[in-house]
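Participant: Okay, here's what each chain looks like letter by letter:
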Amino acid sequence: MERTFLHDISTPLTTAQFKLEAALEILREGKVEEIPECAKMIEAVLMQVKRAGAMIAQRREELMK
Amino acid sequence: MSATILIVDDEGDLRDAIAFDFKRRNFNVLTAGSGREAFQIVESQPVDVVVSDVRMADGDGVELLEKIKARNVHRPMVIFVTGFADISLEVAFDKGADAVFIKPFDRKALFEAVNRGLHPQEKPLARASTRVNAPLAITVKFLESGFTAESRTNNLGRGGLFVELAEKQHPETLEKAEFCITSNLTPEWIIMGEGVVRWVRKSAVEGMPPGCGIEFMSFAQDDRQRMMELVNHLKTKPFIPRS
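Top to bottom, those sequences are chains A and B.
Numbering of the first sequence is given in our numbering, commencing with residue 1 and proceeding in unit increments.
Numbering of the second sequence is given in our numbering, commencing with residue 1001 and proceeding in unit increments.
Keep in mind that the hints were calculated from the coordinates and are not lab data.
Certain hints may be false.
What the hints assert, rightly or not - Derived list of chain B stretches under chain A, where covered just means 3 residues or more per stretch with a C-beta under 8 Å from a C-beta of chain A: (1) 1003 to 1017; (2) 1066 to 1074.
Said to hold, decoys possible - Label pairs and their calculated CB-CB ranges: (3) 27(A) x 1218(B): 33 to 39 Å; (4) 1115(B) x 27(A): 44 to 50 Å; (5) 39(A) x 1143(B): 20 to 26 Å; (6) 1011(B) x 56(A): 18 to 24 Å; (7) 27(A) x 1146(B): 56 to 62 Å.
For glycine and all other residues, C-beta sits at the position ideal for the given N, C-alpha and C.
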């Protein structure tokens, strides 16, 4: 089960890492024309975090029953 | 002219994130959601690099790698980005993968691996090879563990070598090593260089002895050319062989 967990979490973590690092690069390079793309990437990561949070909350409720 | 890179992953988010990064670096970027779709692209147009997930429905990364290397062992280069335990490093390199990254990985290391494969301009070692007449052998000195091991010619790959080790001797992954290859195929020359340990097998597995896979990172002076001649002569398919 741990192997499945590690496998399942590796891709979303990598995706989030790529998006946040790319967003940071754009901001540091000062590329104004890429800021909308930068904002989209950060929003996408936040959505990912919120979805994961919702899943954890649901699972916690199930375990507490 | 921009290099063409094909990103293959059934997870659209990650595929698009990697594609965006390479587009920013002026690559011509193609994408595919499966190994089957990716191979159709490789067959239909020139591709320099493939970055592929391993576990995918409708044609996985290993099948894709095998088909690509059966077609042309040098191009495109194939880099795996894989989840936990999808494939071992030694199997991936033996099948011809040019690099393997395990998620989550260092993004800049991926860019460096792509650039290194497209433009092999490693910094050469300062020292020159010495012309000697010697039987074929590979000697490897591990710079951190401090021991030396020897191996045989059929352990050479396109990008690295396998060296057999005694059961109690094993270097660490990512440890640097100096190697020296002498060959009687082209008389009286030796190849010297530096490499990095990519994987370690501490005890015998499936009849294969303990040992490690070492990727070539730099060569002494003109030895890269000699290495390419030797590898082409041996017609070796693995990037780093398993045994």
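Participant: Take the hints in turn and mark each one as holding or not.
Facilitator: How the hints compare with the structure:
no., hint, verdict
1, 1003 to 1017, "holds (count 4)"
2, 1066 to 1074, "violated (count 0)"
3, 27(A) x 1218(B): 33 to 39 Å, "holds, 35 Å"
4, 1115(B) x 27(A): 44 to 50 Å, "violated, 24 Å"
5, 39(A) x 1143(B): 20 to 26 Å, "violated, 46 Å"
6, 1011(B) x 56(A): 18 to 24 Å, "holds, 20 Å"
7, 27(A) x 1146(B): 56 to 62 Å, "violated, 45 Å"
Hint violations for this structure: numbers 2, 4, 5 and 7, all remaining hints satisfied.
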